[in-house]
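Use the sequences and the hints to build the structure in full.
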Amino acid sequence: MAAFYSFLAVLALIVIPWLGVGMGMGALFGIVLPYIAIIIFMVGFTMRIVDWAKSPVPFCIPTTGGQQKSLPWIKNSPWDNPYDKKGVFMRMVLEVLCFRSLFRNTSVKLQQEGPKVGYSSEKSLWLFALIFHYCFLLILVRHLRFFMAPVPYPVHIAEFLDSILQIGLPVMYQSDALILAGLLFLLARRVFDGKVRYISLMQDYFPLLLLVGIVVTGIWMRYVVKVDVIAVKELAMGIVTLHPHMPKAAIDPSVYAHLTLVCALFIYFPFSKLMHMGGVFLSPTRVAPNMSRRAMWVNPWNDPSIKPHSYAAYEDDFREKMIEAGLPVDKQA
Amino acid sequence: MAKYPPPEELIKINYTTPVKSWMDTKTAFKPGNFSYPGKPDILKYLGMPNPREWTPTDDDWKLPPDWQRIVMEKFRSLLKKYRSFKIFMDICVRCGACADKCHFFIGGGDPKNMPVLRAELLRSIYRGEFSAAAKVLGKLAGARKLEEDVIKEWFLYFYQCTECRRCSLFCPYGIDTAEITMMARELLHEVGCNINWILEPAANCNRTGNHLGIQPHAYKDMMDFLCDDIEEITGKRIRPNVNKKGCEILFITPSGDIFADPGIYTYMGYLILFEHLGLDVTWSTYASEGGNFGLFTSDKMMKKLNAKMYAEAERLGAKWILGGECGHMWRVINQYMSTMNGPADFLETPVSPITGTKFDAAAGTKMLHIAEFTADLIKHGKLNLDPSRNDNFKTTFHDSCNPARGMGLFEEPRYVLKNVCRYFYEMPENTIREQTFCCGGGAGLNNEEFTETRLRGGLPRGNAVKYVRDRHGVNNLACVCAIDRATLPPLCDYWAPGVGVSGLHELVGNAIILDGEKKRTTDLRQNPLPGMEDEEE
Ligand code: SF4
Ligand code: SF4
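Protein chains in written order, with my numbering: chain P, 8 to 340; chain H, 1283 to 1819.
Careful: at least some of the hints might be erroneous.
Label-pair ranges, simulated between beta-carbon atoms [what the hints assert, rightly or not]:
no.: 1; chain 1: P; residue 1: L101; chain 2: H; residue 2: R1521; range: 50 to 56 Å
no.: 2; chain 1: H; residue 1: P1300; chain 2: P; residue 2: M284; range: 28 to 34 Å
no.: 3; chain 1: H; residue 1: R1521; chain 2: P; residue 2: K61; range: 53 to 59 Å
These are computed hints drawn from the structure, not numbers from a lab.
Keep in mind the model is a prediction, meaning the values are calculated, not measured.
No residue lacks a Cβ here, since even glycine has one placed at the ideal position from N, Cα and C.
What follows is the structure, given as structure tokens:
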């Protein structure tokens, strides 16, 4: 149900601009909407981060994934159990660039004979998630050619690497195929893996389908209708240079559909789980070093008025018995 | 003994998920799947809200009239106090990587025990109250209203989480369901829904200094009794200091170890170690509890109970504190103590008086783990050991959740173990160290009425023990946690019969050769030593 509604929503985001442009609303979808989307994305993203950052981290609670640093002759794991900023930096690099925690993933198998509970390494989620995220990044970088003149060198490199297989004309980018594979895997997991289906909500299907929509319209534009790239660039440059105008040459409606989906993604981003992109950098179990036994970690709302049940009160309670048992007391009875 | 099904039946676990949405499945309380609620007089003593007589199987839970407002207010204040809470509410992508990492899910198959869904129980209310879009979309967007059934569901599932943090290790964003459970328990306290097995020890600890409510003279008696046993075994009389001022070191360990088998043997191990070293150390009856059930209650309670350690060290004029074998006690010491009750400037960074090693790892809290202390002694050759005395034990090692994932204490106990025992075998890789499985009874859930669920949750651990038993003939599971020493014996009896449980320092105590001791014929349990089976006492 949730998947179906998400699908309808994405479909609507394709059909509406497609028809709308036909009715002469090109400027609305080509200029107004992108500005709105960019503003909402930037303001929304910042506000979310600020909102998180406003809550303090009262305790130092890293999840330690390796040996602590204690005695000099015991080898510690500085990246899985960092004790300083350098270690945390490495932990985060591994986490963000290599999905370290997901790499650990296992799956449980239960055998009735024995009985035996077995754990096997399960890397498919890690692999496809990694493929998806890296392709997304690469495609993003490739798209910079529409927003920059002259096109910067790194963008050329990205394009070169991405088209190294030289399939067809226009050159086929591997990332287009791979990102689709990644997205479809993630989607299939949600639909066919009972556990994941059980926990999936509309806000899990929607961004996946939205991205599928973006990729499919993108592929359609590039390989099927082969849109007028010069005109698209003119439109894009107009937006970034703050001199928005509609290009004279006509642009295929699929471009508007693609653009609208992208805008929808930008608008949706700050209000959704996609914020994990920013949140991971603030997650206290990952970004705090395991140092609170070495040095002071300060809790801003620590309440100094909370005192233990005092020794004096304790002794008052038990003095006679303590004396009888031969235990020392501070005050004689 | 509570009634529960035999292993053959319990193992028939179904991991498939229902077709119906989880929001439509009603929470079912059955004997064995919940713990008894907090008694009214205990709640009153602790000054906690809504003390009353009730049981979870009642229809009416007698919540206060404006309970919804109370819960939501607390929710808001917790979001303001903890970034962890806010972030964990917001960024879960429901990837499911954590789903089959929880021992309660593995051993029970109830989908609401998947960490992600446990968190969703709370998140659904968060969305329903704080997100306009989710409110409109309702169930499709995982949002719902706060109703009495939700409170019942929270009570069941947040008291079916042992705060072991295994899920957080595997989560790509480090979402820690243990942290979420702590928040949920704080919400439940506001309307008086909590369990007695946590609150009574907390109340006891406050007054008598330990969970079991042992009064000072009784504590001293039990200590003398254990010293009698040591004298019988070794021929040496130990006279430990208690509440003595001016000693260099204050020693604090969980009270479970003075009271119950097999913890008492670990306690004897400490006594023998200190005697062997001639350590200038005192025990305390006022701070006679290392464990801290406040961790399972609220940050306030945790701070209040923990504060005794520093208060007593200051009163006695100790230089630093040595801590015994305990799991959650060490999570508190490592991650909370100095923040809550420090800085303890009246203490010094621990230095071993025997080897001169300065323990920088404890420079802030001034409190040292006994496994670190003993490992350093062995490394410097300061202990006179005869590991062959432990030859009857083929041992493996259980990493307790808290020192594992809340500290990273892996090598120290293993180093000690390998030096005091000659037969040591590791359990499978995915069940030890940072991936270790819970004993099923952490976070205050080691009570009798909960046994069935504990045994289910104990399946992954129990099965790993069985594996090394069958493969290497392992007959002993060593651990550094007092709760483990209480929960693992029934667990082993159930899933891996024939395997016993011991503390690390019990084995140390067996191996240490005291100056001038008589020829030992038995170990600390008074079982014959290897080759001494025929020896007359
Ligand atoms: S692993 Fe983390 S992000 Fe994935 S479902 Fe579990 S809590 Fe959510
Ligand atoms: S903390 Fe442990 S018991 Fe709680 S949900 Fe995570 S894995 Fe399960």
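Just pull the numbers of the violated hints for me, sorted ascending. Going through the list in order, the structure violates no hint and respects every one.
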